[in-house]
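Chemist: Protein chains in written order, with numbering that gives the first Met the number 0: chain A, 0 to 159; chain B, 0 to 159.
Don't take every hint at face value.
Identical chains blur together in the list; that is why a pair holds if it fits in one copy or across any two.
Computed list of lysine-lysine pairs in DSBU-like fashion (alpha-carbon distance at most 35 angstroms, straight line) [unchecked claim]: (1) Lys148 <-> Lys158; (2) Lys57 <-> Lys29; (3) Lys114 <-> Lys158; (4) Lys158 <-> Lys57; (5) Lys29 <-> Lys114; (6) Lys29 <-> Lys101; (7) Lys36 <-> Lys101; (8) Lys101 <-> Lys114; (9) Lys114 <-> Lys148; (10) Lys148 <-> Lys57; (11) Lys148 <-> Lys101; (12) Lys114 <-> Lys36; (13) Lys158 <-> Lys29.
If you are wondering where the hints come from, they were derived from the structure by calculation, not from laboratory data.
Protein chains: 2
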Amino acid sequence: MSKHSTLIAATALAITAMTGVAFGDGHTDKALAAAVKARQAQMQLIGYNTGLLGEMAKGATPYDAALATSAAKNLSAAASLDRQTIWLEGSVQGTVDGTRAKADIWTNAAGFTEKATALETAADAMVTAAGTDLAALQAAMGGVGGTCKACHETYRGPKN
Amino acid sequence: MSKHSTLIAATALAITAMTGVAFGDGHTDKALAAAVKARQAQMQLIGYNTGLLGEMAKGATPYDAALATSAAKNLSAAASLDRQTIWLEGSVQGTVDGTRAKADIWTNAAGFTEKATALETAADAMVTAAGTDLAALQAAMGGVGGTCKACHETYRGPKN
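Produce the complete structure using the sequences and hints provided.
Modeler: Here's what the structure looks like:
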């Protein structure tokens with residue numbers, strides 16, 4: 000390493016330590032780990048609310064329009080979270096503990112956005128359906144379940 | 000117990016087993032535990048996004064209008080989740096592992112709603128402020144931090 004590049008590296012390290020942000024597209028390990036936890040919280044909320052709707056759809060719990068609407072609104076809100084701050088480039092399986100996010104999420108960003116938007120659309124449809132009646136809720140479940148599955152099949156890696 | 004009340008109790012148990020939902024205001028242990036996890040996911044998202052904004056406010060990370068807006072929108076979405084399905088009556092500290100929710104949340108529901116609504120309002124103000132400039136973001140932080148603190152002081156129990 001030349002004197003010049005050593006100086007640049009040392010300066011970069013100092014600025015990283017000061018700002019907590021790495022150069023270029025990079026992010027600190029701490030930022031990547033925090034983003035993964037935020038994403039897992041997002042998935043937890045999506046799963047919880049889909050579960051409540053699914054239980055009503057299959058008759059495991061009684062249909063209740065108010066509760067179904069509450070769950071559908073929360074599903075929609077969780078699905079529609081802005082991805083910029085929680086899907087940080089580099090927060091990928093193998094780099095950050097616990098995540099199963101494949102690198103394709105960033106190398107094929109348009110494809111990932113398409114899958115994520117499909118869930119947002121299905122969740123919005125569920126908000127209307129959930130407050131209508133049980134048959135409408137049941138009909139809307141396929142859209143929610145299908146868009147979850149489609150994204151996981153393409154962009155989620157194997158179990159850690 | 001009379002024959003009649005025994006029959007009612009037995010029927011209630013059978014229906015509970017079938018539907019997974021207890022009678023009256025009660026919920027199954029499984030439902031209460033799931034609601035607590037959903038709430039903790041909500042708090043995780045609130046904390047993550049408040050943290051990102053707080054780091055910019057104090058200059059630990061550079062001010063970035065797009066990232067700040069993303070964080071503020073996600074903070075607002077998380078703060079505004081419908082409480083009906085995630086703040087289930089009975090999911091209280093001492094009953095469900097891991098939660099610090101005080102019983103006052105349900106015995107003083109109007110008071111709790113007031114504190115929760117104050118955060119929603121502060122988060123909405125942050126959405127506008129975050130995209131304006133660093134000074135606006137810094138000015139809006141007090142509202143977010145203050146409403147978090149006010150609710151925790153009243154409705155959060157001691158560490159488990």
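Chemist: Up to 35 angstroms between alpha-carbons, please classify Lys148 paired with Lys158: within, between, both or neither.
Modeler: For Lys148 and Lys158, the Cα distance is within 35 angstroms only inside one copy (15 angstroms; across copies 38 angstroms).
Chemist: When no copy is specified for Lys36 and Lys101, does a C-alpha distance of 35 angstroms or less occur within a copy, between copies, both, or neither?
Modeler: Both: 16 angstroms inside a copy, 25 angstroms across copies.
Chemist: For Lys114 and Lys148, with the copy left unspecified, which applies at a CA distance of at most 35 angstroms: within, between, both, or neither?
Modeler: Classified as within: same-chain Cα gap 10 angstroms, cross-chain 37 angstroms, threshold 35 angstroms.
Chemist: At 35 angstroms max between alpha carbons, let me know whether Lys29 reaches Lys101 within a copy, between copies, both or neither.
Modeler: both (19 angstroms within a copy, 32 angstroms between copies)
Chemist: What label fits Lys148 with Lys57 when the C-alpha limit is 35 angstroms: within, between, both, or neither?
Modeler: within (19 angstroms within a copy, 41 angstroms between copies)
Chemist: Treating 35 angstroms as the Cα threshold, decide for Lys158 and Lys57: within, between, both or neither.
Modeler: For Lys158 and Lys57, the Cα distance is within 35 angstroms only inside one copy (28 angstroms; across copies 38 angstroms).
Chemist: Regarding Lys114 and Lys36, is the shortest C-alpha distance of 35 angstroms or less found within a copy, between copies, in both, or in neither?
Modeler: Intra 21 angstroms, inter 26 angstroms, cutoff 35 angstroms: intra and inter.
Chemist: As a check of your reading, is Lys29 near Lys114 (CA-CA no more than 35 angstroms) within one copy, between copies, both or neither?
Modeler: both (27 angstroms within a copy, 31 angstroms between copies)
Chemist: First find the shortest C-alpha distance between Lys114 and Lys158 inside one copy, then the shortest across copies, and answer within, between, both or neither for a cut-off of 35 angstroms.
Modeler: Within one copy only: 21 angstroms inside a chain, 40 angstroms across chains, cut-off 35 angstroms.
Chemist: If the cut is 35 angstroms between Cα atoms, do Lys148 and Lys101 qualify within a copy, between copies, both or neither?
Modeler: within (15 angstroms within a copy, 37 angstroms between copies)
Chemist: Is the C-alpha distance from Lys101 to Lys114 at most 35 angstroms within one copy, between copies, in both cases, or in neither?
Modeler: within (14 angstroms within a copy, 40 angstroms between copies)
Chemist: When Cα atoms must be at most 35 angstroms apart, do Lys158 and Lys29 count as within-copy, between-copy, both, or neither?
Modeler: both (22 angstroms within a copy, 25 angstroms between copies)
Violated hints are absent here; each numbered hint is respected by the structure.
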